[in-house]
Amino acid sequence: MTTTFTEIKHLPTLALLVCCEYLAIFKKTVAMHEVFLCRVAAHPILRKDLNFHVFLEYNQDLSVRGKNKKEKLEDFFKNMVKSADGVIVSGVKDVDDFFEHERTFLVEYHNRVKDASAKSDKMTRSHKNVADDYNRIGSSLYALGTQDSTDICKFFLKVSELFDKTRKIEARVSADEDLKLSDLLKYYLRESQAAKDLLYRRSRSLVDYENANKALDKARAKNKDVLQAETTQQICCQKFEKISESAKQELIDFKTRRVAAFRKNLVELAELELKHAKGNLQLLQSCLAVLNGDT
Amino acid sequence: MTHGNWFSANYFTFFFFLKQSSPSSPEPASLPAEDLSTNSNGPKPAEIMLDDDREDLFAEATEEVSLDSPERDPILSPEPTPAITPITPTTLVAPRMESKSVTAPVIFDRSREEIEEEANGDLFDIEINVSDPEKVGDGMNAYMAYRVTTKTSLSMFHKNEFSVKRRFSDFLGLHSKLATKYMHIGYIVPPAPEKSIVGMTKVKVGKEDSSSTEFVEKRRAALERYLQRTVKHPTLLQDPDLRQFLESSELPRAVNTQALSGAGILRMVNKAADAVNKMTIKMNESDAWFEEKQQQFENLDQQLRKLHASVEALVCHRKELSANTAAFAKSAAMLGNSEDHTALSRALSQLAEVEEKIDQLHQEQAFADFYVFSELLGDYIRLIAAVKGVFDHRMKCWQKWQDAQVTLQKKREAEAKLQLANKPDKLQQAKDEIKEWETKVQQGEKDFEQISKTIRKEVGRFEKERVKDFKTVIIEYLESLVQTQQQLIKYWEAFLPEAKAIA
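Quick note, the sequences are listed as chains R and S, same order. So for the first sequence, my numbering puts the first residue at 710; every next one is plus one. So for the second sequence, my numbering puts the first residue at 10; every next one is plus one.
Hint data in this document are derived by calculation from the structure and do not stem from the laboratory. Nothing here was measured: the structure is a model prediction, and the numbers come from that model. You may find that some hints are simply not true.
Unchecked claim - In silico DSSO-like links for lysine-lysine, alpha-carbon gap of 27 Å or less:
1) Lys509(S) with Lys964(R)
2) Lys987(R) with Lys499(S)
3) Lys984(R) with Lys366(S)
4) Lys509(S) with Lys736(R)
5) Lys987(R) with Lys509(S)
6) Lys473(S) with Lys867(R)
7) Lys462(S) with Lys302(S)
8) Lys973(R) with Lys831(R)
9) Lys339(S) with Lys895(R)
10) Lys509(S) with Lys895(R)
11) Lys328(S) with Lys984(R)
12) Lys737(R) with Lys462(S)
13) Lys477(S) with Lys867(R)
14) Lys895(R) with Lys328(S)
15) Lys948(R) with Lys933(R)
16) Lys328(S) with Lys987(R)
17) Lys867(R) with Lys480(S)
18) Lys874(R) with Lys987(R)
19) Lys863(R) with Lys302(S)
20) Lys499(S) with Lys973(R)
21) Lys863(R) with Lys397(S)
22) Lys895(R) with Lys781(R)
23) Lys315(S) with Lys863(R)
24) Lys823(R) with Lys957(R)
25) Lys315(S) with Lys480(S)
26) Lys420(S) with Lys455(S)
27) Lys973(R) with Lys328(S)
28) Lys339(S) with Lys905(R)
29) Lys432(S) with Lys420(S)
30) Lys339(S) with Lys964(R)
31) Lys874(R) with Lys315(S)
32) Lys477(S) with Lys874(R)
If we strip away everything but chain R, and leave its shape as in the complex, we get:
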């Protein structure tokens, strides 16, 4: 798709800009989807999910229904309860060192990723603004250059061309930063939130377990409904141990994935920045050579 755009020089700049924008957003979305699918595929349990298989294999249109009002309302209330509960639950100190450490880590990490994500967004937007300014400057120089065919006008035309080209590179820098940095941070913002949610669920089940224990003790003391209390306690215990086990694994995986993702994206970011800077440099230097040669 990119080659056809460079050929169409006569397209008004606005149309070209819109096309480039669309491409950039398309790239982003595709990348996000890819990451999501790979994650699901790598997960020991989720990969076996039937829905997942249908999604990957069914070769006709899936008719996916969005959430209706009722379901959206349910989600909203669930979130409310969760946040309120989360406050209560997070007050409980964990016996297990691993989880205690994870919790402290995740709370701080999540906040910092949030901040970094927001700042990265602002930075990439500024970059885009600069690229847009280059575009306007290129157009103004073009207008100056088409006044007549004197030397200075030819000069302006060449500089105008330079600005058009350098603008494309700057726009790509902005898009790549967005893709490799901003999106990475955004993703880990949500991942760290998901991890926090997991810890919350575990803490919730711990609280349930502890409550079940207390209920059992009380039942034994009163010698009333002991069997029921025992079963409840057992279920809670199992739930708790199961969630603790899987949570531990998930959190370890989270770290591994995080490190790998950051490594991949930071390396790619640096490589792309280098590529664009070198491209820009070459563009500028060859233009300067032409301009200096003429004067």
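Could you slot chain S onto chain R? The hints should help.
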């Protein structure tokens, strides 16, 4: 017109001016042999100007110091004029105030041409620097003094290198004098930097923040560019006021440059009057060149304004980018601190460092965006306003000529009537008046031709300068962009192995 004719026509003009002190004493032009020194017209010579020029006085009342004020004397340079005095070209084309000793006009004329050729051949050796802004005084009476250093090998100056302290109103005063002397005869006088009440008040009040430092730096750079442009003009370089500005340690204070002074208000009123006049003058342009050029300058003005607006937006956004990059760098550092995987933590800290360095780069680039590119465009927008002003003067000159013709016609008709009525005493007066107006018409035509000629030359010079300026500045700007990219490459190349080292 051959060279000789041109010369004699202007010589005639000059002497005519000096003889002409009031409408009632016309004298046929001749080539008197007397020495026209400043004393020949008395200690306080009347203003040398065209007559019926009451309105002219008002129209050009930008000059605050009249010949009658005692302040004038120090300005007239006391040193003896050398044989080949560079001053003369100004008198040949009758500027408002100057009346210096005229010895052998022929030599002057040649010397002027010589000096102009020198200018074209780039033997123009003069370099001006404006530096060391220094606050003098306190409170609302405080001002910034700038050091103006001149380095030159031109013989018209006393030394090869010298410096003086000047304040902003001194620069405005200089421009005012030059504009009054030269604009109405067709010379494009470079405009002085703009006043800024807000900016200066901050400085006066003593705010030592970055915005007032920026303001002072912006002004210093603008003053430097202003002087450099002015000395590049071969005719202006000859001007004694310019020389005095550059050389003498004490300069009479130009009080009338203040916006709210009497003269300042008069200026504003005149500007408004001028604008109205411009609308009412319908000139029969016989010379297509002028019409074409005016249109060209109009187009150029519009386009430069657009470009300037875009570049100003770029400066703004680049500064934002720098701020946002700095903010991100800090955030990334914090993230690195809380990351518990050691290698990733280190890489994030490195990323933060890279972004901090890049923020510096953006700041420097924004600096270049502004001082190299944006300010040049601003300067040229103001210069074009000066060019338009000169074209307007030509129109006024034409109008004057036309008015003189109309008056002459009226006088002729009046004389014819008197002839019929047979009133011999009044008849003589009428004949005298006709002679007077005939000369005025001739003068008007000559002035018009002269200003047209000067403008043609000035515009040619302006175009050449513009081309040179734009090429130099744009190339300088592109080189700043090159520098930035080279630095970016260095930084990212240093970071890449760090990123790869994450295990």
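Hint check results:
| no. | hint | verdict |
| --- | --- | --- |
| 1 | Lys509(S) with Lys964(R) | 17 Å, holds |
| 2 | Lys987(R) with Lys499(S) | 10 Å, holds |
| 3 | Lys984(R) with Lys366(S) | 19 Å, holds |
| 4 | Lys509(S) with Lys736(R) | 24 Å, holds |
| 5 | Lys987(R) with Lys509(S) | 20 Å, holds |
| 6 | Lys473(S) with Lys867(R) | 19 Å, holds |
| 7 | Lys462(S) with Lys302(S) | 14 Å, holds |
| 8 | Lys973(R) with Lys831(R) | 22 Å, holds |
| 9 | Lys339(S) with Lys895(R) | 17 Å, holds |
| 10 | Lys509(S) with Lys895(R) | 22 Å, holds |
| 11 | Lys328(S) with Lys984(R) | 24 Å, holds |
| 12 | Lys737(R) with Lys462(S) | 64 Å, violated |
| 13 | Lys477(S) with Lys867(R) | 16 Å, holds |
| 14 | Lys895(R) with Lys328(S) | 25 Å, holds |
| 15 | Lys948(R) with Lys933(R) | 24 Å, holds |
| 16 | Lys328(S) with Lys987(R) | 23 Å, holds |
| 17 | Lys867(R) with Lys480(S) | 12 Å, holds |
| 18 | Lys874(R) with Lys987(R) | 13 Å, holds |
| 19 | Lys863(R) with Lys302(S) | 20 Å, holds |
| 20 | Lys499(S) with Lys973(R) | 21 Å, holds |
| 21 | Lys863(R) with Lys397(S) | 25 Å, holds |
| 22 | Lys895(R) with Lys781(R) | 23 Å, holds |
| 23 | Lys315(S) with Lys863(R) | 19 Å, holds |
| 24 | Lys823(R) with Lys957(R) | 24 Å, holds |
| 25 | Lys315(S) with Lys480(S) | 19 Å, holds |
| 26 | Lys420(S) with Lys455(S) | 21 Å, holds |
| 27 | Lys973(R) with Lys328(S) | 30 Å, violated |
| 28 | Lys339(S) with Lys905(R) | 24 Å, holds |
| 29 | Lys432(S) with Lys420(S) | 15 Å, holds |
| 30 | Lys339(S) with Lys964(R) | 23 Å, holds |
| 31 | Lys874(R) with Lys315(S) | 20 Å, holds |
| 32 | Lys477(S) with Lys874(R) | 25 Å, holds |
Hint check: violations occur at hints 12 and 27; the rest are consistent with the structure.
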